[in-house]
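Throughout the sequence shown, residue numbering follows this note's numbering, covering 11 to 703 in sequence.
None of these hints come from the bench; they were simulated from the model.
Be aware that a few hints might be false.
Below, in silico cross-link-like pairs of lysine-lysine (DSSO-like), each with a Cα-Cα straight-line distance of 27 Å or less [said to hold, decoys possible]: (1) Lys235 / Lys314; (2) Lys368 / Lys379; (3) Lys571 / Lys673; (4) Lys673 / Lys493.
Please read all numbers here as calculations on a predicted model, not as lab measurements.
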Amino acid sequence: MDINLKIRLAYDHLQAGNIEQSIKICESIIANEPLNPYILEFLGIIYHKKGDLQSAIKYIKKAAEIKPDSIETLINLGTLLEQHGKYHEALECYNKVLQINPESIIAKNKSGLIFLKTGQFSEAVSVFEKLSEIHPTYENFFNLGISYYKNNDIDNSLASFRKVIKLKPDFLDAYINIESILREKGLPGEAEYYHNLATKIKDSLNTLNTLYNSKCDVFRDLSDKWIKCMSSFPIIYSDEDEILKVRENYINLLQDLSNTILNSSTDEIKILYDYIGKYKPFYLPYQGLNDKELQKIYGNAVHKIVLSRYPFLENNSFYGFNIKKDKIRIGIVSGFFYYHSVWKIPIKGWIENLDKTKFTLYGYHTNLKKDNETNYARKCFNQFVEDILDFELLFKKIIDDCIDILIYPEIGMDSLSLKLAAVRLAPVQCASWGHPETSGLPTIDYYLSGELIEPPDADNHYSETLIRLPNLSVFYNPPEFQKINMTRESFGLRKNSIIYHCCQALYKFLPQYDNIFPQIAREVRDCQFVFSSFPFIPDALEKFRLRIYKAFQKYKLNAEKFVVFLPQLNPSQYHALNHLADIFLDCIGWSGCNSVLEALSCNLPVITMPGNLMRSREGTAILKLIDLKTTIANSIEEYINLAIKLGNDSDLRGKISDEIANKFNIICNDKSCIKALEEFFIESAKHIGRKSL
Numbered sequence: 011m012d013i014n015l016k017i018r019l020a021y022d023h024l025q026a027g028n029i030e031q032s033i034k035i036c037e038s039i040i041a042n043e044p045l046n047p048y049i050l051e052f053l054g055i056i057y058h059k060k061g062d063l064q065s066a067i068k069y070i071k072k073a074a075e076i077k078p079d080s081i082e083t084l085i086n087l088g089t090l091l092e093q094h095g096k097y098h099e100a101l102e103c104y105n106k107v108l109q110i111n112p113e114s115i116i117a118k119n120k121s122g123l124i125f126l127k128t129g130q131f132s133e134a135v136s137v138f139e140k141l142s143e144i145h146p147t148y149e150n151f152f153n154l155g156i157s158y159y160k161n162n163d164i165d166n167s168l169a170s171f172r173k174v175i176k177l178k179p180d181f182l183d184a185y186i187n188i189e190s191i192l193r194e195k196g197l198p199g200e201a202e203y204y205h206n207l208a209t210k211i212k213d214s215l216n217t218l219n220t221l222y223n224s225k226c227d228v229f230r231d232l233s234d235k236w237i238k239c240m241s242s243f244p245i246i247y248s249d250e251d252e253i254l255k256v257r258e259n260y261i262n263l264l265q266d267l268s269n270t271i272l273n274s275s276t277d278e279i280k281i282l283y284d285y286i287g288k289y290k291p292f293y294l295p296y297q298g299l300n301d302k303e304l305q306k307i308y309g310n311a312v313h314k315i316v317l318s319r320y321p322f323l324e325n326n327s328f329y330g331f332n333i334k335k336d337k338i339r340i341g342i343v344s345g346f347f348y349y350h351s352v353w354k355i356p357i358k359g360w361i362e363n364l365d366k367t368k369f370t371l372y373g374y375h376t377n378l379k380k381d382n383e384t385n386y387a388r389k390c391f392n393q394f395v396e397d398i399l400d401f402e403l404l405f406k407k408i409i410d411d412c413i414d415i416l417i418y419p420e421i422g423m424d425s426l427s428l429k430l431a432a433v434r435l436a437p438v439q440c441a442s443w444g445h446p447e448t449s450g451l452p453t454i455d456y457y458l459s460g461e462l463i464e465p466p467d468a469d470n471h472y473s474e475t476l477i478r479l480p481n482l483s484v485f486y487n488p489p490e491f492q493k494i495n496m497t498r499e500s501f502g503l504r505k506n507s508i509i510y511h512c513c514q515a516l517y518k519f520l521p522q523y524d525n526i527f528p529q530i531a532r533e534v535r536d537c538q539f540v541f542s543s544f545p546f547i548p549d550a551l552e553k554f555r556l557r558i559y560k561a562f563q564k565y566k567l568n569a570e571k572f573v574v575f576l577p578q579l580n581p582s583q584y585h586a587l588n589h590l591a592d593i594f595l596d597c598i599g600w601s602g603c604n605s606v607l608e609a610l611s612c613n614l615p616v617i618t619m620p621g622n623l624m625r626s627r628e629g630t631a632i633l634k635l636i637d638l639k640t641t642i643a644n645s646i647e648e649y650i651n652l653a654i655k656l657g658n659d660s661d662l663r664g665k666i667s668d669e670i671a672n673k674f675n676i677i678c679n680d681k682s683c684i685k686a687l688e689e690f691f692i693e694s695a696k697h698i699g700r701k702s703l
């Protein structure tokens, strides 16, 4: 039979659903013409229809080798490789296409989407910026908006999504993303406007599109409720009343969301899986209140949603318990195995000092970001798992490693860590204060904290069992900084003014304490308060600036004379500022830890005031550890008076600086927490039938 007739017959069989017969005919052709690229590619397409992805790739790859300049074949091969999770090889295919035709929109688009999937966000931005210039479609602007957002460029992300709705006014996802960003920027009023627009579009789609049935209504209702609830916090509050109103609103939204989830089917709540971590109550603890009960509602919801996608994880008997006689296996899951506050405290000091003859350490890096600290982390672990960002692949890896005790140094910032923490992957699971908030998750057994940091009633603040390790609970090794020559003038500061270092995230500063600054300024006179411009969101920064300026106006002072906002500083610049400042003012309500320690490492006096929760007591704990209690205030009035006294008395500042210099090594040599942590691990392992060698 003529080859063309055979091909036609194979095609007809394929159209009729006779896949095996179609394959048989193509293989008979290849037996006679093994280098026929068209038949090889056609056979690959048939195998793809069959669902045999590996065979499909095999034959289309052969076709691409025979005709390496075929754009269509390379695109087909790249698409199949993507489906198989081989993103690097797929990218190579698209790069070959672009070498043949540098203007290929398909290859550029597919490359950009791979960059998004693999966390290469700056590369994705570059691709979609160029695509949007040469081909300004709503799809390209939408992908550009996502790329900007993932690359932490919120304003450009918002601008891109606004372009999407200009080009396609009924594109629902763009409205949802705009609403989410506006809530993140602290603009709930404008966010509500876009939420209402999205609701109208959804309603019109329900009317016009019969495929958007009642089941989809439930899905959209659930996702809308989740986004609205988790995005209900402004970044900066105008006043204390706003905190209470926002909290009351969040409580109502959370309870309604929880009830909706409880009354929904497993299939219905699966839709929320992709929203976990993407939309989360990150700003809740910055209100300065006890969030235990709210976090338990949230934590139970997250747990239920993850189990809806992976129900077999509900059975706690599946993991391997590692009963064989080897060392106790400790796993640490984090997205911050790089130069970051969570790496500096608590992870680094723990993994450096744990006894490797008693414990085998496993690290699981849930982020693609890496630097020299990542390289160091690899050396500290017996096994360091990285570049696996797929939830299912990673939880299977953790289960296969038979971890005895799994630690999440923070729960609340990294999305993948949150999903993993929401299920039982080890007999003992712990959280710690990298993000100083109870997880609320029913799967987390213990919360590792420090006896100096916690108040007496701290057990009431956690859904977990609180473990009070000695002192700070962490071993601190001061980071090394590159020395740079900077003066006060380099930072735009006056040469002879008293400089109050206030460079912490602006959302840590609560409005009820704004009057502190003008009251200090009124008595010290020639002084400057130095704030960071973080977070780098113009609306939030302006809201904070107006709030502080209003506080100074209340005392008939010109804030411009006293208040300075610095741009983002790199670690060396921040270290230089610590050396140039006179006094460090710790935030009331959310005390600094790394920031306080780094200030003290430069012999900079720190004024702090403990609150009712652990996250407001870190500075106090650090000063107590080195027996330097003279700058710990017990009231707002005392805090202000201490700041005035130190500002007006250079001799006193010098005396305190000398005392810090003499005592700082106490912090750096405190290994009491390591011994207690090891004892906790050994005792916990006994309860699961494990013994260390």
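We went through each hint and held it up to the structure:
1. Lys235 / Lys314: holds (16 Å)
2. Lys368 / Lys379: violated (30 Å)
3. Lys571 / Lys673: violated (36 Å)
4. Lys673 / Lys493: The hint holds at about 23 Å.
Of the numbered hints stated above, those contradicted by the structure are hints 2, 3, listed in ascending order.
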